[in-house]
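Single-letter residue listing:
2 protein chains.
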Amino acid sequence: MVRYSTVASRHHCTAWQQPFHLDEDAARNTLFRGLAASGWHTTALTMRLLVESELKPAGGIVGAGVDELRWPKPVRPGDELRVESEILEVRPSKSRPDQGLIKVRTTTLNQNGEAVQVFIGNLLVPCRPE
Amino acid sequence: MVRYSTVASRHHCTAWQQPFHLDEDAARNTLFRGLAASGWHTTALTMRLLVESELKPAGGIVGAGVDELRWPKPVRPGDELRVESEILEVRPSKSRPDQGLIKVRTTTLNQNGEAVQVFIGNLLVPCRPE
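Line by line, the protein sequences are chains L and R.
First residue of the first sequence: 1, per my numbering; consecutive thereafter.
First residue of the second sequence: 1, per my numbering; consecutive thereafter.
It is worth saying that the hints were derived from the structure and are not from the lab.
One or more hints might be untrue.
No copy is singled out in the list; a pair is fine if it fits within one copy or between any two copies.
Under the rule of at most 30 Å between Cα atoms (straight-line distance), these lysine-lysine pairs were calculated in the DSS-like manner [to be verified]:
no. : residue 1 : residue 2
1   : Lys-73    : Lys-103
2   : Lys-103   : Lys-56
3   : Lys-56    : Lys-73
4   : Lys-73    : Lys-94
Computed from a predicted model, the values in this text were never measured in an experiment.
So that you can see chain L by itself, here it is in the shape it has in the complex (with noise of 0.2 Å):
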């Protein structure tokens, strides 16, 4: 559940100083049209929720990095978030024979099944040589 706190916004979170971030009534007149959470908040949520998932690859959840991350839809106060993750690949690194990379695909949905974040990462895991 996304909670909409100015307090620890303010004080937890500067990343997110902007006022479609913070402000009711500014936020209004911005291009979100009202308040929204920050992308960098979502994947923040999102991440949580995946250590808490069965996604449990060897080594811990490492992120090599991410091809591509969407915001399709902003993120409000009160939206309760929940994840969808696909395995679209597992492969062993080319540079690296005790390296594995997974890549997968998290989508992050509201209550009403709308994905408002969508990002394909690639995860470094420990694996056996041949």
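Assemble chain R onto chain L, guided by the hints.
Positioned in the frame of chain L, the structure of chain R alone reads:
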């Protein structure tokens, strides 16, 4: 300056509850060979630096998406980060005449001048119709 605080991390940043982000001893035996910040933590710190920087597009920094995001080196406790942004492209939106898109490459560097994060972001800006 990136500080190492397990208390703060455990309470506020539950997204990063993996041993290589929190526990110095456990981190030694992971891919990172020591404590490393979460990549999403670095994106948040970078966003703060960006918001406080000279990059002031009309309407604020509104990300439409990220084309690629890489973490070439881990961020370690004690690191001091700074950002460099390069405008790669400015163009009007094809679908919305009142909006434009700016493509920006943002590089986050540590105190040794090493890139710890690079991403190419697409920013949405309001613009005057021609």
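Status of each hint after checking the structure:
1. Lys-73 / Lys-103: For Lys-73 and Lys-103, both the intra-copy (23 Å) and inter-copy (20 Å) Cα distances are at most 30 Å.
2. Lys-103 / Lys-56: Classified as within; 14 Å inside a copy, 35 Å across copies.
3. Lys-56 / Lys-73: both (28 Å within a copy, 23 Å between copies)
4. Lys-73 / Lys-94: between (37 Å within a copy, 19 Å between copies)
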